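Q: Sequence:
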Amino acid sequence: MLQLREQTNRELFIDGKCVHRGSYAARTTSIVNHLEKPLANLLSPFDNLIFIVPQIALDEIADERGAGRVTQLTCQPGGVFDETVWHLGNALLPALARPNEIGSLYAEQLMLAINTYFAQAFGGMRSNKDKAGSLAPWQFRRVTEAMTSVSDIDLSLKELAAQCGLSVSYFVRAFKVTTGDSPHQWILRHRIEKSKIMLANDGSSLVEVAGCCGFADQSHFTRMFKSFVGVTPAVWRRAIRS
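Residue 14 is where the sequence shown starts when you use the working numbering, and the numbers rise one by one after that.
Worth double-checking, as some hints may not be accurate.
[Unchecked claim] In the DMTMM-like style, the derived pairs of lysine to aspartate or glutamate whose C-alpha atoms are separated by at most 25 Å in a straight line are: (1) Lys50 <-> Asp72; (2) Lys189 <-> Glu114; (3) Lys209 <-> Glu221; (4) Lys239 <-> Glu114; (5) Lys144 <-> Asp194; (6) Lys189 <-> Glu96.
[As the list claims (entries may be wrong)] Okay, the calculated beta carbon distance ranges per label pair: (7) Arg154 <-> Asn61: 42 to 50 Å; (8) Pro67 <-> Ala110: 19 to 27 Å; (9) Pro112 <-> Ile69: 21 to 29 Å; (10) Val244 <-> Asn214: 39 to 47 Å; (11) Val220 <-> Arg82: 43 to 51 Å.
Note that these hints are calculated values from the structure, not bench results.
This structure is a prediction, so every number in the text was calculated from the model and none was measured.
Idealized CB from N, CA, C, for every residue including glycine.
Start from the sequences and build out the full structure, keeping to the hints where you can.
A: Right, dumping it as structure tokens:
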């Protein structure tokens, strides 16, 4: 659990025994094991993000990294400040505010990163495998053809990794080595380049360009275009045509 604001008064019970009573500071992370029957008495307002980390997810991450299994995530009662968890949580907030813009690919990538970090920081996981290399040309060609032929709502990291004969975590790392981008960033960049061709060469409206290039709506398209190019699509179109 990541506290987005201070919770001034709370009691936490594990297996019927009170293990913490008091405040949880803003930006702190706390952990409970659901097998220990945690129960919280929430005595003051709260605003937090709750991450459910299944044991099977930890097992898959450990196996893919060649590490020992992680059976428990722990931190001190009352929570700890972890800068990485804080930044990961804040990265999630815009996605939660605009769920129509989130495809499976982005969600899978983010949860893989979060669960891997949890396993390392709070489970003591240490990888025994070397860093990933780059994808072979045939692997890169196969996955990019798949990524550009369907919407990211239909994409699955597991399916893409399987096409390369790789585990999910290795595939994500190898893709980044090969392209400099995560799979999600790569497909966004591809869509931006496709939109530039449409903006420069036909009279389609921004709404039409957004839909054709796989963005949720014009607002989503405008934000992504500006983040990659530095200006809005309308400004870029005027500049390229002048």
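Q: Output the numbers, in ascending order, of every earlier hint that fails for this structure.
A: Number 10 only.
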